[in-house]
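Student: For reference, the chains in residue letters:
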Amino acid sequence: MSRRAWLAGSLAAGGALIGCAESIPKGRQGVDLWFSYGGKNRQLLERLVARYNESQPAIWVRPVFQGDYFECLAKLRTAVAAGAAPALSHVVGEVVPYLAEAGVLEPLSDYPGAGELDFVPSLGQAGTWARGAARPLVALPFNRSTPIAYLNGKLLKEARLEPPRSWDELTEAARALGSRSGAAPRWGFECPIDWWFWVALVGQAGGQIIEPNGELSLGGEAGAQGVLLWQRLVRDRLMRPPPGRDYNAWEVVNQDFLAGRAAMIWTSTAFLRYLEENARFPVLAAPLPKHTRRAVPTGGTFFVVLRRAPEDEKRAAWEFLRWMNQAEQSVDWATGTGYLPVTKQAVSLLETRGYYQEHPNDRVAYDQLEVAMTWPWSRSLFRVQREVIQPRLEQAVLTGTPARELLDEARALARRELGSSEVSPGTSSGASSGRREVAE
Amino acid sequence: MRRGAVNLGLLAVGLVWLLPYAWMVVTSFKTLPEIVEAPTAPLPSGLPLDAYQEVMRSLPLGRYLFNTLVMSLLIAALQIAVALPAAYALSKLSFRGRGVAFGLVVATLLIPAQVRFVPVFAMLADVGLANTMTALVLPFGVSAFGTFLLRQALGSVPTQVIEAARMDGASELYIVFGMLPRMIVPSLVAFFMFSFIYHYSDYFWPLVMTADDKVRTLPLGVALLREQGTGVRWHVVMAGNVLLSLPVLGLFAVAQRHLLRAVTSRGL
Amino acid sequence: MSLLRPRRATDPLWMLAPTLLLLAVFFFYPLGFAVYRSLFRWDLLTPPEYVGLDNYRALIESGELISAFTTTLAFSLVVVVGAMALGLGLAMLLNRRGAFAGFIRSAIFSAYVVSWVSVALLWMWVLDSQGVLSAWVSALGLTPLDWLGDPDVALYSLAAVTIWKIAGYAMVLYLAGLQDVPPVLYEAAALDGAGPIARFRHITWPLLRPTSAFVGTTSLIASFQVFDVVRVMTQGGPVRSTTVFVYAIYEQIFMNLRVGRASALVVVFFLMLLGLTALQLWAWRAKRGAS
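Chains as they are written, first to last, in the numbering used here: chain A, 9 to 448; chain B, 10 to 277; chain C, 327 to 617.
The hints are simulated quantities; they were obtained by calculation from the structure and are not laboratory data.
Yeah, the Cβ is synthetic: ideal placement off N, Cα and C, and Gly gets one too.
Hints should not be assumed to be uniformly reliable.
[What the hints assert, rightly or not] Partial list, computed: chain B residues near chain A (C-beta under 10 Å):
| no. | residue |
| --- | --- |
| 1 | P51 |
| 2 | R66 |
| 3 | L133 |
| 4 | A134 |
| 5 | D135 |
| 6 | G178 |
| 7 | L182 |
| 8 | Y183 |
| 9 | V217 |
| 10 | D222 |
| 11 | L233 |
| 12 | V245 |
| 13 | H267 |
[What the hints assert, rightly or not] Across the chosen pairs, the derived CB separations fall in these ranges:
| no. | chain 1 | residue 1 | chain 2 | residue 2 | range |
| --- | --- | --- | --- | --- | --- |
| 14 | B | P190 | C | M598 | 32 to 38 Å |
| 15 | C | T396 | B | L24 | 32 to 38 Å |
| 16 | B | T141 | C | P373 | 39 to 45 Å |
| 17 | B | M142 | C | D506 | 39 to 45 Å |
[As the list claims (entries may be wrong)] Covered stretches of chain A (chain C as the covering partner; in silico rule of three or more C-beta atoms under 8 Å from a C-beta of chain C):
| no. | segment |
| --- | --- |
| 18 | 52-62 |
| 19 | 78-91 |
| 20 | 109-115 |
| 21 | 366-377 |
| 22 | 385-395 |
Just chain A, with the same shape it has in the complex (with noise of 0.2 Å):
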């Protein structure tokens, strides 16, 4: 044996043993797709990828996870900037018309099939960002989601209690379910100092983040409404804020619930099969409560094709997407996660199997699409989250300042941000306008 072919053979071995990242088969188009899970959900996400992959012989997608929402996000920008980015990834809404305006995504209206997709209205964004408006599509809904409540049913039941319908009942659910005393105590209520569920209280106080003529008024009253109710329920001990800044705050509450050192939590209705098959109790899932009127926002992340991929990747990577909105992937990754089902067929199909008869905590979140606001078409509104709300949220719970104050100096910030023509309510037609503004 040669010493070269002795060489080549022990690498080749090498490769062997170490396992190389799998490659696509010959004969295939290859197709990136980033995407950001942890745990069950991406689990079901390789899994759903590897049924496509063996349902037909063109395509092969090769999922690459990149941590967490943030972090992919982050990445992706990056890799776009030097031009090394996948064919496909999936950001979250607040991000896309950015995304949208800087020209980085792949219009989708002209592909094939791109008129039969029957998404929910709400969960697609219907009015603002896809069709409807004079907008192309750019992102389909992928995991799209409402925060909604989860009780723990044996306290509820030992309470005696219904699920707090009012701010008012929560304040005293809150009060009735937790308990200061003790080895273990227990905490009425908790959910993440976060943006989305502010945007969730101002809705429910009345008010939204940006008026529909394109105003930022952070919901006025109404913002400082949810603030205030916030540092009540912490003042008075009924609330815990949990620790922890993005995910890590959000994990905190899902560990608090399971081990019941809370009763009452809100959080995503992405954490619906994992929450009820980790604990030890019944689970119970209820809307969120109003103040003067219901309101939810939705979240979740949006299938996007990046527009400077080959063609070919682009033409394969739709394949993909529409086999995902076929009902049954709908389905399939909506029952196995807790995240809604994005097209009306899937919705059909789960109603017919009588699927929401045997789970109706799945239920919850679907019916509160009902009130469900949708994000405005908005370049800078994940900055204005990102920089100028979401310190101000902590700072005033953690340390208790003024919620009026704090909310009057992030208006003046996030207008200078904004500018003044940056909203786009609904129909106005984004992709040439106001380029000059979209730098920083």
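Mind docking chains B and C on chain A? Use the hints.
Tutor: For chains B and C alone, kept in the frame of chain A given last:
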């Protein structure tokens, strides 16, 4: 009697360092229900390998470890290869611009990676090198610190030795790469180990430079175990942590003497 | 040291070429790039727009610069003082023969070898509000602090973790320093009736001064560049209380897509680091001068 009391005191101090490690190992042998139910129970109910299996399932661990080792070894080797001739010139040769060259090296001593990654990333991406081993290794080719250290070490080699070698007809290439390294072995070993340990543990650069499993490294993979989605799975994170720490702790156990000498005599 | 003449005039050139080339490409070009880009608004995705000194102005007016600076400084001060005090204390305690003392020394020093990510993850779990430390404090009948969740506490928790990691390094340096102190000095002092405190004040501490300068500057520099623990444990929060300089740079680029503003931060940061480099060189010289 007194010795016993002293040892007890030492143990108490040592526990501040030993207990967190123990806690890491204990946690890695728990199961998800145990973590949720009683996160602070001092002992797991058994020795299930659930968490380790979960780590193996969600990460191509062998691949990550291989990448990490290749990257750290290549960086350390490259740094030494680049630093040796430079250190020789800076410590032994008289030429115009010597002070300036040394100044340039020293000026980069404290520039952290976070300060330079954006242009470097853009540059490497332009030539198709983003997300490759080259992107992980080449930007660390020069270690200002290594150059500085080897310059000091070579400074203690008597000039006469080099003159004698020149008389014997040795080429400069041989002097730099063949003769001198043998005279400063402890410094080379020390620097090699420090470079290796530093880059083995590096988190930031692989975080921003890599995009898939082909080149991802172990610390990155373990940090990814704390992935968002459902809830913290500390038993899995700690199992990953055990696997990440074992190789360096092993190296430390074997080569502790070199490392300590390096720290104390050279002020690393 | 006496210098040799190069054999050929071009010898120094090829010897230094790899170093200088790599420095130019991977250090000086990026720095120049940062200086240039700090005058632009740029989000990586759309064309940059020239804005003059706006980025610097915005950093100053928003208070971000000063807050990143004071946060980093507070962190550094705690780490430097803590690492020096603990390192010296441990060195004096463990400056004895025997396998057991050796084992404890190794255990303490091992934290210096383990990766920052490991240490950060490990301590995040220990300091978790449901973690083992809070449980112990509660068991003693005290109310545990919210180690990572309270904006008044989190920075110091991170500092404590950092001290835990680098104290072994300081200890090893101090141990070497202590072993260089001639025993006769102590004997003479003891004969003169000096107590342990007086001996420390008049013999140990003065003789360890070069070591202290060295330990101080190296931990100052390490703490100025802190990133991994912040990234893993607190992501700069709560309420920006742990947004140190390097994390602020990272956040501006990655989270906020403000490359221009991040570049301005880089420029300021680099100037500060240059100052620290000068300090470092001075300390090395002092140490070498002493040994």
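Student: Does each hint hold? Answer for all of them.
Tutor: Hint check:
no.: 1; hint: P51; result: 17 Å, violated
no.: 2; hint: R66; result: 8 Å, holds
no.: 3; hint: L133; result: 8 Å, holds
no.: 4; hint: A134; result: 3 Å, holds
no.: 5; hint: D135; result: 8 Å, holds
no.: 6; hint: G178; result: 33 Å, violated
no.: 7; hint: L182; result: 26 Å, violated
no.: 8; hint: Y183; result: 27 Å, violated
no.: 9; hint: V217; result: 7 Å, holds
no.: 10; hint: D222; result: 4 Å, holds
no.: 11; hint: L233; result: 6 Å, holds
no.: 12; hint: V245; result: 9 Å, holds
no.: 13; hint: H267; result: 28 Å, violated
no.: 14; hint: P190(B) with M598(C): 32 to 38 Å; result: 36 Å, holds
no.: 15; hint: T396(C) with L24(B): 32 to 38 Å; result: 35 Å, holds
no.: 16; hint: T141(B) with P373(C): 39 to 45 Å; result: 28 Å, violated
no.: 17; hint: M142(B) with D506(C): 39 to 45 Å; result: 44 Å, holds
no.: 18; hint: 52-62; result: violated (count 0)
no.: 19; hint: 78-91; result: holds (count 6)
no.: 20; hint: 109-115; result: holds (count 3)
no.: 21; hint: 366-377; result: violated (count 0)
no.: 22; hint: 385-395; result: holds (count 3)
Hint check: violations occur at hints 1, 6, 7, 8, 13, 16, 18 and 21; the rest are consistent with the structure.
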